[in-house]
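Colleague: Each chain, written out:
Protein chains: 2
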Amino acid sequence: KGRYREFYQCDFDILGSNSVTADIEIATIIYKTVNALLGNDNFTIRLNNRAILNGLMTKLNLQDKTAHILRVIDKIYKETEEKIRLELSEKVQLSDEQIEEVMSFVKIKGTNQFIIESLEKMFEGNEIAINGINTLKDILSAVSAQNIPEKCYQIDLSIARGLDYYTGSVFETMLDQLPGIGSICSGGRYDNLAELYTSNKIPGVGASVGLDRLIAGLEELDLLKKELTTAQVMILTMDKNYRNEYFAMASSLRAAGINTEVYSDDKKLDKQMKYADRKGINLVIINGSQEFEQNKVKVKNMLTGESFDTISKDDFVEKISSILHSKDKE
Amino acid sequence: KGRYREFYQCDFDILGSNSVTADIEIATIIYKTVNALLGNDNFTIRLNNRAILNGLMTKLNLQDKTAHILRVIDKIYKETEEKIRLELSEKVQLSDEQIEEVMSFVKIKGTNQFIIESLEKMFEGNEIAINGINTLKDILSAVSAQNIPEKCYQIDLSIARGLDYYTGSVFETMLDQLPGIGSICSGGRYDNLAELYTSNKIPGVGASVGLDRLIAGLEELDLLKKELTTAQVMILTMDKNYRNEYFAMASSLRAAGINTEVYSDDKKLDKQMKYADRKGINLVIINGSQEFEQNKVKVKNMLTGESFDTISKDDFVEKISSILHSKDKE
Numbered sequence: 010k011g012r013y014r015e016f017y018q019c020d021f022d023i024l025g026s027n028s029v030t031a032d033i034e035i036a037t038i039i040y041k042t043v044n045a046l047l048g049n050d051n052f053t054i055r056l057n058n059r060a061i062l063n064g065l066m067t068k069l070n071l072q073d074k075t076a077h078i079l080r081v082i083d084k085i086y087k088e089t090e091e092k093i094r095l096e097l098s099e100k101v102q103l104s105d106e107q108i109e110e111v112m113s114f115v116k117i118k119g120t121n122q123f124i125i126e127s128l129e130k131m132f133e134g135n136e137i138a139i140n141g142i143n144t145l146k147d148i149l150s151a152v153s154a155q156n157i158p159e160k161c162y163q164i165d166l167s168i169a170r171g172l173d174y175y176t177g178s179v180f181e182t183m184l185d186q187l188p189g190i191g192s193i194c195s196g197g198r199y200d201n202l203a204e205l206y207t208s209n210k211i212p213g214v215g216a217s218v219g220l221d222r223l224i225a226g227l228e229e230l231d232l233l234k235k236e237l238t239t240a241q242v243m244i245l246t247m248d249k250n251y252r253n254e255y256f257a258m259a260s261s262l263r264a265a266g267i268n269t270e271v272y273s274d275d276k277k278l279d280k281q282m283k284y285a286d287r288k289g290i291n292l293v294i295i296n297g298s299q300e301f302e303q304n305k306v307k308v309k310n311m312l313t314g315e316s317f318d319t320i321s322k323d324d325f326v327e328k329i330s331s332i333l334h335s336k337d338k339e
Numbered sequence: 010k011g012r013y014r015e016f017y018q019c020d021f022d023i024l025g026s027n028s029v030t031a032d033i034e035i036a037t038i039i040y041k042t043v044n045a046l047l048g049n050d051n052f053t054i055r056l057n058n059r060a061i062l063n064g065l066m067t068k069l070n071l072q073d074k075t076a077h078i079l080r081v082i083d084k085i086y087k088e089t090e091e092k093i094r095l096e097l098s099e100k101v102q103l104s105d106e107q108i109e110e111v112m113s114f115v116k117i118k119g120t121n122q123f124i125i126e127s128l129e130k131m132f133e134g135n136e137i138a139i140n141g142i143n144t145l146k147d148i149l150s151a152v153s154a155q156n157i158p159e160k161c162y163q164i165d166l167s168i169a170r171g172l173d174y175y176t177g178s179v180f181e182t183m184l185d186q187l188p189g190i191g192s193i194c195s196g197g198r199y200d201n202l203a204e205l206y207t208s209n210k211i212p213g214v215g216a217s218v219g220l221d222r223l224i225a226g227l228e229e230l231d232l233l234k235k236e237l238t239t240a241q242v243m244i245l246t247m248d249k250n251y252r253n254e255y256f257a258m259a260s261s262l263r264a265a266g267i268n269t270e271v272y273s274d275d276k277k278l279d280k281q282m283k284y285a286d287r288k289g290i291n292l293v294i295i296n297g298s299q300e301f302e303q304n305k306v307k308v309k310n311m312l313t314g315e316s317f318d319t320i321s322k323d324d325f326v327e328k329i330s331s332i333l334h335s336k337d338k339e
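Protein chains in written order, with the working numbering: chain W, 10 to 339; chain C, 10 to 339.
Mixed in with the good hints there might be a few duds.
Remember, identical chains collapse to one label, so a pair may be satisfied in a single copy or spanning two.
[To be verified] Here are the simulated lysine-lysine pairs, DSSO-like style, with alpha carbons at most 27 Å apart:
(1) K234 / K322
(2) K160 / K249
(3) K280 / K249
(4) K235 / K41
(5) K160 / K84
No lab work stands behind these hints, which were simulated from the structure alone.
Owing to the predicted nature of the structure, the values given are computational and were not obtained by experimental measurement.
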């Protein structure tokens, strides 16, 4: 669902900074964005750091097999543990001991605090890995300083993402109720990516919201508000001879920021009213020759049935605006 | 320029209405949209109506050759008149008299008023054409009732657009200074289109903004505002030990709708200041250990050089908000 050959993504990136400050900013934006789109905290940003994985490879003396190993463990959510072990043994040619080390590493689960303590014990003296662990600690402490619930961030040592592409932090965002849909916002630090395109070394960190997947997810969770209309006022077309006046009124209302629809078909009044009602447009303007001759505007509130007959055409925009605002307050 | 194999367009359509009210609405939206995007009135919406062209074909007894003829005259801006005449004679097999009638029709130029009067004389008693002429009149009179400058609308009898697709009103929008870029917003009434897809007859009228072309045009006219940043405040990272505090402050400012950047690299203070200056960020927060210990926020106005040292951290968001608002008023 939500996986197409062509897809839309919204990216946010910070280029030119090596600092963990940039990683924190991206981790914060992921939370703020997904929270705003979902309207709740039912999602988890999985965090990891490639430096820890690299540290593990160094520790096991498997640097030359890094890419291959990461590609295998990246499948840990899709395959059985047995199959993963078999692949590490047969295809990557790891020893039983090495397989045990790799598997016990990716299977470290628990609170962020527990995982960090386990990692710190495991990688004492391993500078590469400690750098990655510190970045995780810095991110978690900075998001907590911003009062973002820590439950939305979970260290997950099995995510590697894009293998050769990322160099430090990696992020994946899962909807708690729809894990099957996959990550809806992913990214990480990619300090070597620019080198492929320019001779400059431009460090970068960023993430992308996968819009199609996200929308598929929001639909499935019934979180997509379907609005029938944004119109607040509809002008009934009672008399074709006054069409220009209807458009002039609409133009004045719109200039004041009031979303206005001119009923655009030649139908009877009750059909026009029913249409407004069905669309949830709350105010209708019912002006015929009589009202125009008296320089008046007749407004009906579709919710209360209340009619306002005596609005002068000279200040009808302000009057309608105040009726709309008083409704907001109710 | 701005012509790609894949392109983006924004559509607006009214479905289900036969009424000229809908045509007026679309003609109005074209003006309002292009005016808002350009920020000026240097564009012309060319109007025509297929019914008038159909009326001409009926008059000349050329109904069966309509599509072919329209395809030829649609090229009138790209080809010489000689070539057009030759094609009408050789390929469409029109008589000299018929060619004369067609050419004198598409070459009627002048004010909208003049063209309408010419058409009314030309098509007296031709019901099909009169219907089209009346629609043009209704649109022009309704846009003028909304105080939209008539100079932005020009009847142009040579535009046909999409030939078999449109049935009534047709619109094309040209940038006055860049006619070569082609129409940036086109459309019309397509009452038979839905029949191709459903058994229902659904009348419709609408138009599309060609985004790529429009953006190419705006760039060429130097009308695309290039903003360096939307940030109003930048928090300098003077001391890494206070990183969490910087993010907490940013979080409070952002929650109040103040766009805030945390400087994300480990650079010296003067480099950070220069960055803010170059980006046009007017307020910077310069907090070090001293300020945090005194529960203060130090703010510097990059424009005036003025410093505010004594802002209490408890209400710094309101204070900064009021500094920003007082700047707006200046």
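Colleague: Indicate, hint by hint, whether the structure satisfies it.
Modeller: So, going through the hints one by one against the coordinates:
1. K234 / K322: Classified as neither; 35 Å inside a copy, 39 Å across copies.
2. K160 / K249: Intra 61 Å, inter 25 Å, cutoff 27 Å: inter-copy only.
3. K280 / K249: within (16 Å within a copy, 67 Å between copies)
4. K235 / K41: Intra 22 Å, inter 26 Å, cutoff 27 Å: intra and inter.
5. K160 / K84: Within one copy only: 24 Å inside a chain, 64 Å across chains, cut-off 27 Å.
Of the numbered hints listed earlier, the single one contradicted by the structure is hint 1.
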